[in-house]
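Novice: Spelled out, the chains give:
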Amino acid sequence: METKKKLVMIGNGMAGMKAIEEIIDINPDLFDITVFGAERHPNYNRVLLSSVLAGEMTVEDIILNDEEWYRKNNITLHLGKPVVEIQRGYRKVVAADGTTAAYDCLVIATGSKPFILPLPGVDKEGVITFRDIYDCERMMEASASYRKAAVIGGGLLGLEAAKGLVNLGMEVTVIHDRKTLMNMQLDEVAGEMLRESLEEQGMRFRTSTLTKRILGDDRVRGLEFEDGSRLECDIVVMAVGIRPNKDLAEGARLFCNRGIVVNDYMQSITDPSVYAVGECVEHRGKTYGLVAPLFEQARILAYHITGQGLKTYTGSVVSTKLKVSGVDVFSAGDFEGNGSSDTVMYLDRKGGIYKKIVIKDERIIGAVLFGDTADGTRLFQMMQDGTDVSEQRSTLLFGNTMLGDAGHSGLAQVSMMSPDTIVCGCNGVTKKMIEDAVVKHGLTTRKEVTGCTKAAGSCGGCGPLVDQILVSILGSSFARSANAMPLCDCTELTHDEVKEEIRRRRLLTVGGAMRALEWKGEGCDTCRPALNYYVQSIWPKETSDDPASRLVNERMHANIQKDGTFSVVPRMYGGLTTPEELMRIARVASEYNVPAVKLTGGQRIDLLGIKKEDLTAVWRALGMESGYAYAKALRTVKTCVGSRWCRFGTQDSMGLGINLEKMLERVWAPAKLKLSVSGCPRNCAEASIKDLGIVGVDGGWEIYCGGNGGVRVRVAELLCTVRDADEVMEIAKAYVQLYREDAHYGERTSVWIERVGLDRVKRAVVDDPQSRGALAARLDEYIETLGEDPWKARIREEEERPGMKPIKIDARAVNE
Amino acid sequence: MKWLKVCRKDEIPERGGRAVLAGGSRIAVFRLSDGRVVAVEDRCPHKEGPLSDGLLTGATVICPMHHWKIDLESGNALPPDCGCVKTYETKVDDGIVWLRL
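Taken in sequence, the protein lines are chains D and F.
If you read the first sequence in this note's numbering, its first letter stands for residue 1, the second for the next number, and so on.
If you read the second sequence in this note's numbering, its first letter stands for residue 1001, the second for the next number, and so on.
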């Protein structure tokens, strides 16, 4: 038997254990793992220490992995044994009590220590830092017998400590060397508002104040400042910042600067068998103290150490939220700006609301929110995605409560929601259920919340809200750019990477793509349909459909209903029908006892409640084409009657609608496509909420794109105005093909356009005639590969090889 | 318990399922990617979705209604969901699928 490689982890904190969890998740049998922890406690959620101090949680509540967990995963755990030496020559580490451990791979996750100002008197009894459970316990003890506390440092940590001490009934004064509180995260205005708000909660402040020395005999009695004034106090909490713990690494001659210097795989640049992760690390000149980037590092480390590929860590943009109840502060990126950036701002001092967004080259580079932080997640997402905001400057500050987000309005204020509020309407998950799961299982991403509670697992509409709940609990944003998210749990590759590989390596089948791209298992209901679409849209002539990778509706060419029956919607081009068609439909409905006949929103007729085994007979009797009402494909082209009938009509909307539908029928797309054509600006066919909406005007047509009337309302944007119907057809072709090639599977045009920007679509479809022509030609080529109507094909197949009827077996037919 | 003849194996779509009515019960038989044929009750424990119409991955079927994942070997729903379906013994003999009822 092959012996396993030995992995030693120095440090039992959040970053280190996240790395171990990720490694075990990838391959539990790869390493013999040994963990050394300096503290006596098992791994706990340090982010929540302030909640322990504030009395909102107990120490037990914030434990992440108990000792049982280590046992279960066969990890040797040495608690209370700080490592004092790394002998790289012998590949072993030595702990303070003489315990040694040999390694093949070493991970240093020693974290950081509080920085202690070198003031005279810092060694006096009663000077405390705020870093671990022990510090918390000391503060809680002190509050029992003393009344006055001074906190040196008005940053994130200092204020959280101060708030905790106020909750413990102490009189607290915060001393800060700068004028602005949290000056690393807030500008002057927000800092000032924060101060006012905290003063209302009973905190006192001395800003722009430097401490000269700590007074007292053995025990602290007070502080003396540079200006000669004094402050009486019984304890001093030092919270002026953290310094990476690099002494151990430096002692082993691993190159350190501010922290242990690592490459993009999280390896020490001195020794590739030594990795480092967390607050002790310096990567590309930056050190991080918030949990989101550390977890990102842990993932990359796990990926590399298990030989799983070449993902790299390229640094993180961080956002911060202060965890002090009653005060909402959010900050991200470059919130000050400079000469080349500009600012969008809203200030309501009396109402206690301040919002500032810093924009450079039409991209958000930073933001500060005070009082109302509901938009924090959204803005941070836009910042990470590099979304072009030129078109939305006027509404940027009011985003989630404005038109276009109807599905979310009012819900955005997570803090105002009662615990019983349903967050995920699809799966009936309440705010409290999510919060409990996050705390109990230490969840940090939307995906993990979905895995645990199912929230955001269906329509996904509540995803941003789930993110906000995560932010509100964990204190910093965990939202990762959708672009950088793997397609699903079966792969580490993103949508774009998968598409690129299919193109580059000429992958022609779902199975072939999964093998070539080292898929985990046989895929899932997210990736298999996506791969099936990608191979067919990229290689239309070379591939064929994989029915086993289609979900039931697209496989059956009908919509499954709650009782397992199906619905049938025949195509009615442009919403136009005839008496003959209507009579056929009526006859079928009565002959097959169709329980419900309903007019759809897309101007056609839905026959509901049809048994699977009756589908082919119904299709045959209808003698009409499939309306694709079940598919990620062209659905309908809704029209008004236009100039043929309407006295206001300026254009023949029915004619154009019918032509568009005939051109685009049976065209598959990343998601459903809904079109409409109105004959005049009264817009009765509602072009403004369609994926592609055409509005006739006097002497031409306006073409709108990216509209949506569903989960998240979005008003379509004007793509261009053209003179005649042929031009509309050409633009429509190019637009649909660009969407087919460019969007992620499952992404509606509204989301796609928000991601890539309207400008990109305009350039490819409108401005550049060559690009437009090429796109249209590719769609034409694709359309030529489309077979006959799927219902006709199924009718024939069923005659040759029945597969829709259940097999009946006679329970008496016995074989002995 | 008796072995009952169901159909030819190739009457079940590859990596797919088929519904079988036997007496009063509705059973889903599946043809897995490794060639095995397995059978469970054709009713998702969640809201009675027809599992025979689900998407197969390995020995797991994903219910077409609300995406519950059912392990076809044990009949148990995979976490975070909770529930189970009845499993049936099957065998394939000379290309013919048999079910034990």
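Just so you know, the hints here were simulated from the structure itself, not pulled from any lab data.
Errors might be hidden in some of the hints.
Said to hold, decoys possible - Here are the computed lysine-lysine pairs in the DSS-like style, where the Cα-Cα straight-line distance is at most 30 Å: (1) Lys-1069/F - Lys-440/D; (2) Lys-1005/F - Lys-805/D; (3) Lys-541/D - Lys-440/D.
Bear in mind the structure is a predicted one, so any value in this text is a computation, not a measurement.
Novice: Please go over all the hints and tell whether each is borne out by the structure.
Specialist: For each hint, the structure was consulted:
For the hint pairing Lys-1069/F with Lys-440/D, the CA-to-CA distance comes to about 24 Å; that is within 30 Å, so the pair holds. At roughly 17 Å between alpha-carbon atoms, Lys-1005/F and Lys-805/D fall within 30 Å of each other, so this suggested pair holds. Of the pairs offered as hints, the one joining Lys-541/D and Lys-440/D is violated, with about 51 Å between alpha carbons and a cut-off of 30 Å exceeded.
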